[in-house]
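Number of protein chains: 4
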Amino acid sequence: MPGNTFGKLFRITTWGESHGKGVGVVVDGCPPHIPLDESIIQPVMDQRRPGKSIASTRRREPDKAIILSGVFEGMTTGTPILIMLHNKDADSSAYKPHADIFRPGHGDITYQAKYGMRDWRGGGRASARETAARVAGGAVAKALLEREDIRVSAYTMELGGIRAKNRDGEEVGKNMFCCPDADAAGRMETRVAEVRKMGDSVGGIVEILASGVPQGLGDPVFDKLDAELAKALMSIGAVKGVEIGAGFEAAGMRGSENNDPITPEGFATNHAGGILAGISNGDEIVMRVGVKPIPSIAIEQQTIDRLGNPATISTKGRHDVSAIPRINGICEAMVCLVLADHLLRQRAIS
Amino acid sequence: MPGNTFGKLFRITTWGESHGKGVGVVVDGCPPHIPLDESIIQPVMDQRRPGKSIASTRRREPDKAIILSGVFEGMTTGTPILIMLHNKDADSSAYKPHADIFRPGHGDITYQAKYGMRDWRGGGRASARETAARVAGGAVAKALLEREDIRVSAYTMELGGIRAKNRDGEEVGKNMFCCPDADAAGRMETRVAEVRKMGDSVGGIVEILASGVPQGLGDPVFDKLDAELAKALMSIGAVKGVEIGAGFEAAGMRGSENNDPITPEGFATNHAGGILAGISNGDEIVMRVGVKPIPSIAIEQQTIDRLGNPATISTKGRHDVSAIPRINGICEAMVCLVLADHLLRQRAIS
Amino acid sequence: MPGNTFGKLFRITTWGESHGKGVGVVVDGCPPHIPLDESIIQPVMDQRRPGKSIASTRRREPDKAIILSGVFEGMTTGTPILIMLHNKDADSSAYKPHADIFRPGHGDITYQAKYGMRDWRGGGRASARETAARVAGGAVAKALLEREDIRVSAYTMELGGIRAKNRDGEEVGKNMFCCPDADAAGRMETRVAEVRKMGDSVGGIVEILASGVPQGLGDPVFDKLDAELAKALMSIGAVKGVEIGAGFEAAGMRGSENNDPITPEGFATNHAGGILAGISNGDEIVMRVGVKPIPSIAIEQQTIDRLGNPATISTKGRHDVSAIPRINGICEAMVCLVLADHLLRQRAIS
Amino acid sequence: MPGNTFGKLFRITTWGESHGKGVGVVVDGCPPHIPLDESIIQPVMDQRRPGKSIASTRRREPDKAIILSGVFEGMTTGTPILIMLHNKDADSSAYKPHADIFRPGHGDITYQAKYGMRDWRGGGRASARETAARVAGGAVAKALLEREDIRVSAYTMELGGIRAKNRDGEEVGKNMFCCPDADAAGRMETRVAEVRKMGDSVGGIVEILASGVPQGLGDPVFDKLDAELAKALMSIGAVKGVEIGAGFEAAGMRGSENNDPITPEGFATNHAGGILAGISNGDEIVMRVGVKPIPSIAIEQQTIDRLGNPATISTKGRHDVSAIPRINGICEAMVCLVLADHLLRQRAIS
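If you're matching them up, the sequences are chains A, B, C and D in order. Read the first sequence against this note's numbering and you will find it ends at 684, with the numbers running on by one and no gaps. Read the second sequence against this note's numbering and you will find it ends at 684, with the numbers running on by one and no gaps. Read the third sequence against this note's numbering and you will find it ends at 684, with the numbers running on by one and no gaps. Read the fourth sequence against this note's numbering and you will find it ends at 684, with the numbers running on by one and no gaps.
Some hints could be false.
Pairs involving identical chains hold if they fit within one copy or between any two copies, as the list cannot separate such chains.
[Claimed, not checked] With a cut-off of at most 30 Å between alpha-carbon atoms, the simulated DSS-like pairs for lysine-lysine come out as follows:
1) K499 - K355
2) K398 - K355
3) K422 - K398
4) K499 - K531
5) K422 - K355
Quick caveat, the hints were computed from the structure, so don't treat them as lab data. Because the structure is a prediction, the values reported are computed rather than measured.
Taking the hints into account, I'd like the entire structure generated from these sequences.
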């Protein structure tokens with residue numbers, strides 16, 4: 335059944351394949367009177383653009399966002415907003431030889447099983463190219479949230495086994511890995527260069543912060559804010575784990591350690607990560623995702639073809655060594671979408 | 335907005351508070367001709383019943399499931415199934431003195447912020463009592479899945495910092511912590527007794543396995559099977575982290591290590607945890623959740639009252655030392671609900 | 335797939351069969367702080383109760399509404415409200431002889447086709463008994479609307495071919511057919527008595543008015559207010575036609591006749607029925623439904639049994655001669671549900 | 335909240351304004367392996383194209399449908415299908431003088447009330463131009479239904495007060511009004527010419543037939559097939575009434591007349607219009623809609639401007655004299671969408 339729509343009140347529907355004519359998003363439910371035009375969306379798109387980091391692919395999509403509806407005289411009108419991103423630099427020739435071979439770690443085998451066919455060009459719908467549409471939709475959500483002084487930011491806490499030791503917000507924009515620790519960023523650079531030479535890839539951990547989120551967002555018992563965030567983040571292809579606040583570390587703590595004492599000035603600690611019983615508590619919302627290494631690697635791998643015969647594959651296409659830091663902007667987009675949706679949801683009962 | 339419905343085709347809606355007249359679930363979308371009566375639901379309910387483990391509360395609810403609709407002559411009819419669980423052993427008197435005090439780590443403060451009021455008796459809707467309705471709904475999903483030979487099981491991998499070293503399925507039913515490692519189970523018992531004496535509580539990690547899941551379940555790009563499972567599991571109150579397959583460990587692996595080679599006989603490894611690109615690959619689905627320690631502890635904690643004045647609280651009510659192992663059955667229920675839903679979703683396009 | 339949930343933000347889910355243990359409704363999404371208890375719901379239930387009109391069945395259900403959740407200290411809490419109606423006076427014996435015979439005009443044959451089975455007792459889920467749960471849910475919506483001074487009322491414009499000539503609101507409560515025309519009501523009484531003697535049944539037309547509806551409700555282009563009302567009303571078993579404002583009469587008018595001139599004081603006429611382009615225009619919303627005659631009649635009818643063999647049937651059970659006026663309260667309930675939903679929907683973007 | 339999505343399993347989301355860059359539709363949930371390309375969609379689009387009838391506008395949009403995603407090698411892939419229709423012949427200059435004046439019978443006043451602003455160019459989102467996207471989406475549904483031998487057709491039963499006396503399917507394609515009665519069609523032509531000269535417009539009645547629909551479609555109790563059809567049809571701008579089978583005429587019949595006797599060969603009559611208790615009974619589904627006259631007329635009308643001052647308006651733009659017969663294809667599209675959705679819905683439980 336349809337799985338390409340996300341959100342209830344602030345809702346996006348995305349479409350498009352890696353090597354088709356383009357990808358895009360319909361944003362439905364955005365309130366009117368939000369200032370919006372391409373100049374607001376484009377900077378958000380540019381942040382995720384490949385080619386900004388040595389960890390990233392060499393495919394160069396200008397990712398020029400074009401608004402085709404829903405905006406009039408520089409403002410949203412309350413009607414659906416279509417944002418189009420044409421595919422320009424899609425070269426399917428590299429995929430042709432492997433059209434019938436299932437790439438390990440990719441959705442080739444499962445798309446074939448589910449649909450009985452697949453668009454093999456560049457991974458088709460399962461390509462990371464799909465996420466450009468989410469980022470475009472997320473940019474609209476971001477514009478809505480900024481009017482409420484809600485800010486979402488993602489940064490790299492770990493890459494290729496190298497972990498950031500501190501969280502210096504200023505530093506994030508200064509290095510190519512969006513890492514809040516200058517020293518770690520330097521070692522990440524070395525690590526990524528090594529791995530690239532090996533024809534291999536690496537994973538890592540991204541932390542996402544949402545600040546300025548008012549108390550009261552989230553709808554128990556199934557649409558809890560943390561449940562919705564978990565779905566949003568886990569729906570990103572490379573993500574294999576999601577945690578909120580202390581996350582898995584909380585599993586090893588005692589109640590007296592993990593509980594956040596409440597004072598007249600606010601919470602003394604934030605192990606909860608800004609969410610209690612599925613509802614935002616006014617504190618910063620803290621999330622982390624575990625990102626698997628890019629499955630497309632130059633190293634030869636064992637696999638099968640569509641008929642079940644053994645085969646080997648070595649991916650020589652234009653691919654990233656890591657989904658990080660490109661994935662950071664996608665995480666931000668998904669979190670923005672959840673928060674915009676729940677902001678509107680909460681208005682309905684207030 | 336409404337947040338008490340879960341699932342699209344196989345769908346539950348739950349209701350009820352800890353100290354109200356009862357809790358219950360409407361199961362809508364269950365296909366007809368599934369054998370069902372109370373004798374099928376009750377054993378699933380009994381598994382989660384408090385009082386089976388020394389980690390569990392002393393509140394004794396018989397949790398007698400009563401089917402009020404949707405079943406005729408021992409079979410589901412395709413119409414909505416209402417399962418009712420009366421509250422029998424609800425004693426609000428212990429909560430009265432703290433009606434205006436926000437318990438740390440609980441939803442008291444966020445429910446108050448969201449709704450401007452709250453049913454303070456036993457945590458109201460935010461109580462773990464709510465989950466009994468999920469388990470009842472999950473029992474119907476389980477009955478549906480069993481006809482397709484899909485089995486879901488949860489067991490305790492870590493409790494109070496003690497980690498299971500091996501996964502002996504036989505062992506799970508033999509110890510009170512549902513731990514697949516007899517030795518670890520013994521040490522868990524000691525640990526829980528210690529912590530209880532300290533008036534404190536512990537968290538842990540539960541692993542859930544789904545076997546027999548056919549290829550092809552999950553709807554890209556937002557309703558991916560892992561995204562839906564993440565939401566389902568994170569919607570359980572005490573869960574702070576969810577991972578699939580290698581999960582956060584994948585973040586530290588290289589592509590060549592993490593990718594599961596494909597052979598004519600199937601996948602050589604299962605780091606993916608049975609899901610590729612959001613679609614089940616036919617392998618076992620492996621999930622883990624990080625469970626925070628129970629926030630209600632006897633140790634005195636710092637907090638505020640409804641008016642913002644400083645206060646202290648020491649919870650003397652009947653509470654578990656850990657949500658584990660009671661939470662295990664709730665995890666199973668949520669996974670069953672997701673799988674039943676996606677089983678039906680996949681039929682629609684097949 | 336699930337079809338027993340109605341509404342997006344103010345949402346009901348109903349369950350229960352005619353001769354099962356009861357019927358009921360979960361209301362999810364109702365804002366907190368709405369005064370509610372059984373004394374508010376019961377009068378609305380009593381209005382629809384059979385046995386108030388000579389057109390109505392002799393089955394006497396007390397229809398005592400019991401709230402099991404979602405209300406605390408006389409106020410809604412924002413959590414789901416379960417309202418239970420036990421079946422007391424259900425006698426299946428009259429249905430037993432016809433368990434395998436498809437009653438013409440009923441859902442027996444289609445339920446069998448759809449589900450491959452059916453609960454034949456009293457029509458099972460297809461019974462008008464189901465609508466009691468809608469009325470209970472509608473009573474909650476009504477309580478919400480009344481705080482905004484929105485009022486919904488239904489009255490009988492035609493019964494057994496006899497048409498009301500005028501609309502005297504005062505008169506509606508004075509006659510047993512809820513007809514706004516005393517003279518017509520008298521003739522309806524005669525007509526119904528005749529038809530009852532013939533062992534036959536009659537249909538009619540109900541008009542529903544909603545006043546005090548603010549401008550701006552309704553969500554183009556598919557969830558237009560009139561589209562949602564049409565669905566709501568057509569989902570009532572006996573309804574075969576729905577019209578808004580001038581309705582089918584508009585088909586015979588010219589634009590210059592049908593257009594409502596706009597003046598600084600408001601619309602000069604109301605052919606639109608209070609809705610323009612799917613959005614409420616602040617004027618009274620006017621709807622009419624065509625109600626088919628009750629299909630259960632004493633006159634012998636030609637049919638088949640479950641195996642396809644010819645059969646005859648003459649329904650001797652306790653049945654109404656007309657769904658009117660009992661259906662009037664159901665129409666009111668459905669309209670209240672749509673308006674409550676859209677009231678909340680509009681708040682989200684305001 | 336979002337109102338631009340229709341359907342649950344076979345789902346469309348539309349976007350676009352009359353005088354923006356284009357309109358379009360995302361079709362999500364279409365099963366894979368359905369042959370599809372522009373050559374299948376274009377003929378369906380061409381049928382609705384303005385300029386084919388003397389009742390129609392002189393605006394000439396080529397309405398060239400372009401598929402941007404979801405199709406690979408001439409087949410649907412199971413991923414979302416974007417169909418784009420560029421606006422070519424949009425001339426806003428005629429609307430400029432009336433940018434601040436509310437046209438009677440249009441959504442100008444209600445869009446302004448709802449959103450606090452509006453795109454006044456050509457009616458913006460409220461324009462009939464929006465329906466082109468529905469027709470494109472409906473063409474995909476049609477392709478799906480044809481594989482199951484389900485056919486949907488609409489024809490004109492009444493126009494400008496002239497009623498078709500017989501239903502000659504062959505005749506429908508032969509006259510410019512799609513009327514199944516050659517004689518009536520001739521008189522309609524005269525009538526339309528007269529009314530055009532008067533600067534006025536007319537309404538009418540369209541009947542829609544769906545044949546080959548299997549038994550069992552429709553989901554009680556709220557998503558009944560007739561309820562969903564009523565919503566679908568009433569969501570078309572000009573429709574003010576919807577009826578199924580005997581419709582409002584059933585209101586005047588007795589049960590013994592209205593009930594369709596069942597024989598071993600099928601139903602003896604079809605007053606039910608192919609639907610019993612909200613589920614298709616295998617017979618032809620018969621629907622009728624009442625279409626209001628086009629509100630844009632040359633005759634001067636009384637209205638107000640955005641500030642509430644009295645004003646007059648005479649619409650000189652390029653407009654139809656009647657929404658019929660262009661609306662016929664839109665009715666077909668909406669019915670196809672409902673049937674495709676319910677076909678998939680029924681598979682899920684079978």
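Going through the hints against the structure:
no. : hint        : result
1   : K499 - K355 : neither (43 Å within a copy, 50 Å between copies)
2   : K398 - K355 : both (13 Å within a copy, 16 Å between copies)
3   : K422 - K398 : both (10 Å within a copy, 22 Å between copies)
4   : K499 - K531 : within (26 Å within a copy, 36 Å between copies)
5   : K422 - K355 : both (8 Å within a copy, 20 Å between copies)
Consistency note: the structure conflicts with earlier hint 1 alone.
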